[in-house]
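> Please model the complete structure; the sequences and the hints are all you need to start from.
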Amino acid sequence: MAKQPSKAASAAKKPAPRGRKPAAPSDDPDFILHSLQDEFEANKRYKASPEEMIAFYRQMLLIRRFEEKAGQLYGLGLIGGFCHLYIGQEAVAIGLQSALDNDKDSVITGYRDHGHMLAYGIDPKLIMAELTGRQAGISKGKGGSMHMFSTEHKFYGGHGIVGAQVALGGGLALAHQYNNDGGLCLAYFGDGAANQGQVYETFNMAALWNLPIVFVVEDNQYAMGTATKRSSAETRFYRRGTAFRIPGMEVNGMDVLEVRAAAEVAFAHVRAGKGPVLMECNTYRYRGHSMSDPAKYRTREEVQEQREHHDPIEGLKKTLIESGKTEDELKSIDKAIRAQVAEAADFAETSPEPEAGELTTDVLVEEY
Amino acid sequence: MAIELKMPALSPTMEQGTLAKWLKAEGDRIEPGDIIAEIETDKATMEFEAIDEGVLTKILVPAGSEDVAVGTVIAHLEGEGEDSAAPAPSPAPAAEAVEDVPGEGKDVGRKPNPMPTPAPARRDPQVPEGTGFTSTSVREALRDAMAEEMRRDPRVFVMGEEVAEYQGAYKVTQGLLDEFGPKRVIDTPITEYGFAGIGTGAAMGGLRPIVEFMTFNFAMQAIDHIINSAAKTNYMSGGQMRCPVVFRGPNGAASRVAAQHSQNYGPWYASVPGLIVIAPYDSGDAKGLLKAAIRSEDPVVFLENELVYGRSFDVPDLDDYVLPIGKARVMREGSDVTIVSYSIGVGLALEAAETLAGEGIDAEVIDLRTLRPLDRQTVLASLAKTNRLIVAEEGWPTCSIASEIISICMEEGFDHLDAPVLRVCNADVPLPYAANLEKLALIDAARIVEAARKVCYK
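First to last, the sequence lines map onto chains A and B. Under my numbering, the residue at position 54 of the first sequence is numbered 381, and the numbers go up by one with no gaps. Under my numbering, the residue at position 234 of the second sequence is numbered 851, and the numbers go up by one with no gaps.
None of these hints come from the bench; they were simulated from the model. Predicted model, so just to flag it, every value in this text is computed and none were measured. No residue lacks a Cβ here, since even glycine has one placed at the ideal position from N, Cα and C. Be careful, since some hints might not be right.
[Unchecked claim] Just a few of them, taken from the derived set where beta-carbon distance is under 7 Å, the chain B residues facing chain A: (1) Pro771; (2) Gly811; (3) Ile815; (4) Gly818; (5) Gly855; (6) Glu914.
Okay, here's the thing in structure tokens:
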């Protein structure tokens, strides 16, 4: 391995300053930016039990059908504003969140958030009703597609400003550390957000303070209409923690078992008190950036190639059939999910809009 | 059962479009994800993708049709056997209703606040007779408030640049590291956007952060988190997300530090629903209001003033001196004219009132203390008494707190006005460095006196 930079070596000679840790990261003269990749590569596909495998399939399919229905309701004018669909990226949320300890861990993401909520098993009716702006929605209809939360599940949004959730996630991780509750924060952001300055401000503090956080770049190849190579000098996003001594991982985000295996490695690292991890999940969104994006920046063939050869649901379906499941069994799962989603859509269409009085509630918590 | 395919809305504003091309013909089998048609709007050509599977039985709107309204049925799709669009036979029981307590939201998952939160005080607490007073600098009063709240509630911590080992860039956090240790007094790198976000996230995660900005000028790098993350999230979440964070630090002009380091952000933050904005003047208010800010469940912007840090005022020797947020204070009673001010302007207003008294004009001085929510009652009650009002504000005149006070007087106090309300503000220029120009730009007591004379027609 390369020699250590002289700066780190000289820093090590100084007495450790008083801080939150016995030694600052830069005091470590033996520091080698180790990748967690080798550990991950050694066991690259999670050995899911048959039950787990079916659960992953069911959850990914629920996201897929939910999002298709959301797109349909948008087309009918029942959903307004911006609506960003997660179709194609299902394996990322399911692979990662299935490995969480939901009693302790927190999750935060950006505005493409429907899938992350469904991964918790939150009732699709409450999510769909939020999309249609109804009182029964999870944010009482006041947040919409981009701003949904479930403090009950330690899901902290649902944030509309690109990259803001990364710093907020750093704060959630600080709270885990402060309370010594054993939890970690899983903070998702996209390849577009990866170019925001606050992401690196947060990397610095997370590494400096050894915060329990897993940063996940969901690289779906396009920041709105801009391909990563047109916006990013370094498109291998897992490397971008290097300057902050954050180990990176590169993961096929189209394979739920691979994502889950990577999650196991990353979470174990963080839970062992070794500080943050940066994971890049390579994935692909089939739909436009939002509903109003005609997606003219890529070819139909490119999308078709992903759908036909890399689809996370079809991929898992193949594994399931190899392991003895029948087409009919899987078809009946699909049928049940379609019914569940149809019911959610029906609920979201028919349940009432917020009372006019809701206009002025929840601005402040207290009365002054 | 036939599924109706309707003209889709493809953007938030689309009302109609052109059905440019059918990519499927009647009788074609459709799989979910197939592109059925192309639709043109004034902005783009979009593909209309199938959601359901089946056979396209009837095309109702031919290719090339213009101005097709969103929602128009454009084709029929015949599902096959298992009809995915059919609603579930019996509606499942509705999701368990969660009682919606006003001001509480559907916060089924949040731990109850372990600290008692007494009903909000409507007026300053009575200081019992015989209570002693200690002359305390504003700097010490702020430190004492933080220390007392940190002793009371283990969730409270301070973070910011130079707050710990350096003891505070302006020494407001002096001694806190020694008492509370590095876990609760956290030095941050110079990274305002980042640490404002981390502080806000920590508040969402259940802690009570006090985020110190070395000055509020630097908080412009962080204003996105103060407004978009801290102020709006409770509303956007239907009351689920709490954000009990205090952003504090010096605000307004210091001395000879020029334009980028000399700005009053009171009007900026006071315009934002979801924030509490406090700007105290003296030590007692600084202490009592900072304690209230730390206890508040809402995000608070707490604006201090560097030039006032070193001034000393009496603070009552009480164990727990907490003042009500949203209440102005009558600093000096008078009958001829009301001078409304806040922060450093209050000192100038009191000085002006002394001069005016010598001229036989009896001025009442009101310290707003809280800029949002603004205590309109106290302002209007004083106006009803004096019938003349001026606003003294160390800040720009345009879209200022003064503008807001004038608006309140017009809307709700018009009948009481015997003269137009005047504002005394800084010059409408970036603050210059040169001593003489700086002096010209900033408000002073003489200009307040002059405005008071003017509304008294003297």
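> Now, for every hint given, state plainly whether the structure supports it.
Status of each hint after checking the structure:
1. Given hint, proline 771 of chain B at the interface with chain A, is violated; its Cβ is 9 Å from that chain's nearest Cβ, farther than 7 Å.
2. Nearest Cβ of chain A to the Cβ of glycine 811 of chain B: about 3 Å, under the 7 Å cut. The hint holds.
3. A cut of 7 Å between beta carbons decides the hint on isoleucine 815 of chain B: the least distance to chain A is about 4 Å, and the hint holds.
4. Annotation: interface hint on glycine 818 of chain B holds; nearest CB of chain A at approximately 2 Å, less than 7 Å.
5. Interface restraint check: glycine 855 of chain B against chain A, minimum CB-CB distance 3 Å, threshold 7 Å, status holds.
6. A least Cβ separation of about 4 Å between glutamate 914 of chain B and chain A falls short of the 7 Å threshold, and the interface hint therefore holds.
In summary, the one numbered hint that this structure violates is 1.
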